[in-house]
Amino acid sequence: NAGVTQTPKFQVLKTGQSMTLQCAQDMNHEYMSWYRQDPGMGLRLIHYSVGAGITDQGEVPNGYNVSRSTTEDFPLRLLSAAPSQTSVYFCASTAGLHQPQHFGDGTRLSIL
Amino acid sequence: SQQGEEDPQALSIQEGENATMNCSYKTSINNLQWYRQNSGRGLVHLILIRSNEREKHSGRLRVTLDTSKKSSSLLITASRAADTASYFCATVFYGNNRLAFGKGNQVVVIP
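Residue numbers (the numbering used here), protein chains in the order written: chain A, 1 to 112; chain B, 1 to 111.
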């Protein structure tokens, strides 16, 4: 049972480049989220989805897009990378907000 | 901010001692959750406590919730070196379907 799988694990981008962070879960969870973690800031919610075809903004959505075409996948797109988006990105899924969240191991992203 | 805030933010203890961390929040919650993060890894769920519960146990972990004080505590008894990690509280607020995390609490257990 793989749980939540994030790819890539590491990525270096140049300012202005775009890329997609992949997230897949095999637990048939309806609820998926993307967080970014910065030193001293804890985890901040970027976007989340309560089911296929439904997404909503979190605390820090600017510069990111998401889509949810299937229950399993929830990719995060950086439209035009900026140094301020250097961070560790975590994807999580849960069966509901009264249930534990399952996290991937993260993507470490550096923007030069 | 609606986010929970952990206290103390850094804790260093000897192996075998108990470690207590607190989390405070500002508005009414649906539930409160505690997570652990080992260095370089994702977060792992420890305990979820609902707003109508006052205490929950899981192995060496004990979580309490005081909704009148808007606070929760996580107690790790008989700590081990493997408990060295960051610990986060996270809350789901009424009328909101998001999980908001605090900034975390770094615990170092010295063998």
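Among the clues, some could well be false.
[As the list claims (entries may be wrong)] Computed footprint of chain A on chain B, listed as stretches where at least three residues anywhere in the stretch have a Cβ under 8 Å from a Cβ of chain A:
{"no.": "1", "region": "27 to 35"}
{"no.": "2", "region": "67 to 81"}
{"no.": "3", "region": "98 to 106"}
[Stated by the list, open to error] Only part of the chain B face toward chain A is listed, based on derived beta-carbon distances under 10 Å:
{"no.": "4", "residue": "Gly40"}
{"no.": "5", "residue": "Gly42"}
{"no.": "6", "residue": "Val44"}
{"no.": "7", "residue": "Arg60"}
{"no.": "8", "residue": "Leu61"}
{"no.": "9", "residue": "Phe88"}
Note that these hints are calculated values from the structure, not bench results. Each residue gets a CB set at the ideal place from its N, CA and C atoms; glycine is no exception.
Now the hints, each set against the structure:
1. 27 to 35: holds (count 4)
2. 67 to 81: Result for this restraint: violated, n = 0.
3. 98 to 106: Check passed, 7 qualifying residues.
4. Gly40: Holds - the Cβ of Gly40/B comes within 10 Å of chain A, reaching about 8 Å at its closest.
5. Gly42: holds, 3 Å
6. Val44: holds, 7 Å
7. Arg60: At 18 Å from the nearest chain A Cβ, Arg60/B fails the 10 Å test, so the hint is violated.
8. Leu61: violated, 14 Å
9. Phe88: Since the shortest Cβ distance to chain A is 7 Å, the answer is holds.
Violated hints, in rising order: 2, 7, 8; the structure is consistent with all others.
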